[in-house]
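**Student:** For reference, the chains in residue letters:
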Amino acid sequence: MIAAIEPTWYLLLASMLFGLGAFGLLVRRNPLIMFMCIELMLNAATLTFVAFATDLGDINGQTAVFFVMVVAAAEVVVGLGIIVSILRRRPGATADDLAELKG
Amino acid sequence: MTDTTFLEYVVFFSAAVMILGGAVGVITMKNPVHAALGLVLTLFGVAVQFVAMEAHFLAAVQVIVYAGAIVVLFLFVIMLLGVDQSMDLSIEPIPIQRPMAAIMGVGLVGLVGAAVVRARDASSINPGSGIATATDSGNNDANIQQLASNLYGDHVFAFQLTSVLLVVAVAGTVLLTRKWPREAPDVESSDA
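Going down the list, the sequences are from chains G and B.
Under the numbering used here, the first residue of the first sequence carries the number 1, and numbering increases by one thereafter.
Under the numbering used here, the first residue of the second sequence carries the number 1, and numbering increases by one thereafter.
Just so you know, the hints here were simulated from the structure itself, not pulled from any lab data.
Glycine is no exception: its CB is placed at the ideal position from the N, C-alpha and C atoms.
Take the hints with a grain of salt, since some may be wrong.
Estimated spans, in silico, between C-beta atoms of each pair [stated by the list, open to error]:
{"hint": "1", "chain 1": "B", "residue 1": "F6", "chain 2": "G", "residue 2": "V78", "range": "42 to 48 angstroms"}
{"hint": "2", "chain 1": "G", "residue 1": "V78", "chain 2": "B", "residue 2": "R118", "range": "17 to 23 angstroms"}
{"hint": "3", "chain 1": "G", "residue 1": "A3", "chain 2": "B", "residue 2": "D88", "range": "42 to 48 angstroms"}
{"hint": "4", "chain 1": "B", "residue 1": "A171", "chain 2": "G", "residue 2": "A3", "range": "48 to 54 angstroms"}
{"hint": "5", "chain 1": "G", "residue 1": "A3", "chain 2": "B", "residue 2": "V72", "range": "37 to 43 angstroms"}
{"hint": "6", "chain 1": "G", "residue 1": "T8", "chain 2": "B", "residue 2": "W180", "range": "49 to 55 angstroms"}
{"hint": "7", "chain 1": "G", "residue 1": "T94", "chain 2": "B", "residue 2": "I64", "range": "46 to 52 angstroms"}
{"hint": "8", "chain 1": "G", "residue 1": "I82", "chain 2": "B", "residue 2": "A158", "range": "24 to 30 angstroms"}
{"hint": "9", "chain 1": "B", "residue 1": "A122", "chain 2": "G", "residue 2": "A3", "range": "17 to 23 angstroms"}
With the rest of the complex left out, here is chain G (with noise of 0.2 angstroms):
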């Protein structure tokens, strides 16, 4: 008989994927992969939510995934706004590139 999968090894595997997210947002330069590293970190806190809603026996936890959603949609598109109007004057522009406001 092997035990049960506990929480415990949801919020690890959450925590590894938040740790790669954080490394590739570090080691990356390219402005869209920084923005797929910044997925990957949100991705790992709502793996964490269900977790925690799972444990402790709350849905709010699940409610407040689907409101992380939300603002994910929303924070994609403003942000993807932003690469493509940077993009677009600088083509080939790297995150080193921009260390001016107006360029």
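Starting from the structure of chain G, add chain B where the hints point.
**Tutor:** Frame of chain G; chain B shown alone:
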């Protein structure tokens, strides 16, 4: 019972491999299109974990909104900007950035993991009133019904505010990406 537990193990670890493998793919792929596909793998793995935790509605929304809408938006922007060629990842802009970032990432996972393991046996401070699951109640719509009554009951004002947020986001993006006429570079002077 043991068979069910064994199946849960198989689901958990295959989904964990999907999640972490997709995340590594996002970080290491040279081509942004391949990185977006790695992101799809991670998002599907998270959806599988949601199903395993009986959050069926969130799993559906995860696939539809994230893997459907958001990744398609990413791919659309990649194709629109024409940045779908491979980049040289051997260039390191700041010399010790990657080792430092690796130390930071490992330290972050170690700290959070240690806290999670230490708090494993802590008693739950404020347990909720319980989640109705399809397995226990026999009602296949139990999760979505409970979620709906919570969302449209306790959080209805926040739900209405999200519509304001979405309208602002759409209007702001149209404003940001619009090509303004040459003689009127400022927002104020052009929409007077």
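**Student:** For this structure, which hints from the list above don't hold up?
**Tutor:** Violated: hints 2, 7.
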